[in-house]
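Enquirer: Below are the chains, spelled out letter by letter.
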Amino acid sequence: MGNAKKQKLNLTDKSMSKITSLADLKKKREELKSGLDIRTKALDPENIVQVKVAMATCGIASGAKTVMEFFLEQLDRRNIAAVVTQTGCMGYCYAEPTIEVKLPGQDPVVFGFVDLKRADQIIEKYIKTGELVDGIIPVNYQIIDLKE
Amino acid sequence: MKTLSLNILDIVQNSLRAKADEISIEINESVPEDSYQIMIRDNGTGIPEEILARVTDPFVTTRTKRKMGLGLALLKYHAELAGGDLKIESETGKGTEIKATFLYSHIDRQPLGDIVGVIVLLLAANPGINFVYQHSTESGKYRFSSVETKDYLELETLNERNLLSDIGGMISENLKGIGASGIVYNEKVL
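Residue numbers (the working numbering), protein chains in the order written: chain A, 1 to 148; chain B, 1001 to 1190.
No lab work stands behind these hints, which were simulated from the structure alone.
Some hints could be false.
With a cut-off of at most 30 Å between alpha-carbon atoms, the simulated DSSO-like pairs for lysine-lysine come out as follows [claimed, not checked]:
1) K1150(B) / K26(A)
2) K1019(B) / K27(A)
3) K18(A) / K1150(B)
4) K1141(B) / K18(A)
5) K18(A) / K1019(B)
6) K1176(B) / K1094(B)
Restraint ranges, calculated between C-beta atoms of paired labels, are given here [to be verified]:
7) S21(A) / V1184(B): 16 to 26 Å
8) D1034(B) / I136(A): 44 to 54 Å
9) K1094(B) / S17(A): 37 to 47 Å
10) N47(A) / L1103(B): 45 to 55 Å
Backbone N, C-alpha and C define an ideal beta-carbon position, used for all residues, glycine too.
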């Protein structure tokens, strides 16, 4: 009960600053700009973490969209300089959702069966400390060739 | 695929693989005409004629990593299941247009689902691609264009989490405004 009430309140809070047009969007950005400086990530791929989510039929059907949204949100929230992109099928359809993580200066590692729990482990352990976690797809693996 | 928006996300991957840099997604729903249409248009490399005729066969793909492709086959299946069909027009070097039609009222027509999440995801993952999303119902029409948004905001890229989240909110509000059906509004887009 309490929760429902709280949610309702949140919604009304939100509606006060509803963005419905490009003009609203611009206004909000200008307000933001004056307050804090908008971080423009220097996208130097050599120095940041790269996460690629396999987003083909097999991946999407197994929940790759949710996993990718999780990485986009959490890496930012946890202040990790990273770029999250999507790629096609890596050929491990049995292990979807699969993701490839490339830490700066290291070879990429592919993780399979990535649900939100494992995604969290990958961020906390592999990305933050370099410690490997379950689900690595053990092959002599080269970086994905988009040309396939 | 549980929702049509996931099918759309899947088909757009074909366009991306075909090196398209302009991808437009258009949805028209009409209760009086009992129709629900999804169109996906791109300016990619197009589908060679010899493959075009067989492209919805699950065992046809241009990929070399595995010997089958299910994206179009699945969409065709879902369309036919819901009293509609799938049409593909394509010209090598010019692009491809996919048009899936469904009966609006058919019990097997899937809901659209989290389309806003799909658009935001595509924008986040492909900053260099121009996406247009257009949705029309009897009460109105909404159009979102990533190029126009970039130009208006005088930005090089939309790839920033707060901005993407606001864009998601903006699209949601507008889709609610025209009464688009079957959409799951994820309150926390990103």
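Enquirer: Evaluate each hint against the coordinates.
Expert: Taking the hints in turn, this is what the structure says about them:
no.	hint	result
1	K1150(B) / K26(A)	10 Å, holds
2	K1019(B) / K27(A)	34 Å, violated
3	K18(A) / K1150(B)	20 Å, holds
4	K1141(B) / K18(A)	19 Å, holds
5	K18(A) / K1019(B)	36 Å, violated
6	K1176(B) / K1094(B)	34 Å, violated
7	S21(A) / V1184(B): 16 to 26 Å	23 Å, holds
8	D1034(B) / I136(A): 44 to 54 Å	50 Å, holds
9	K1094(B) / S17(A): 37 to 47 Å	43 Å, holds
10	N47(A) / L1103(B): 45 to 55 Å	53 Å, holds
Hints 2, 5, 6 from the list above are not met by this structure, while the remaining hints are.
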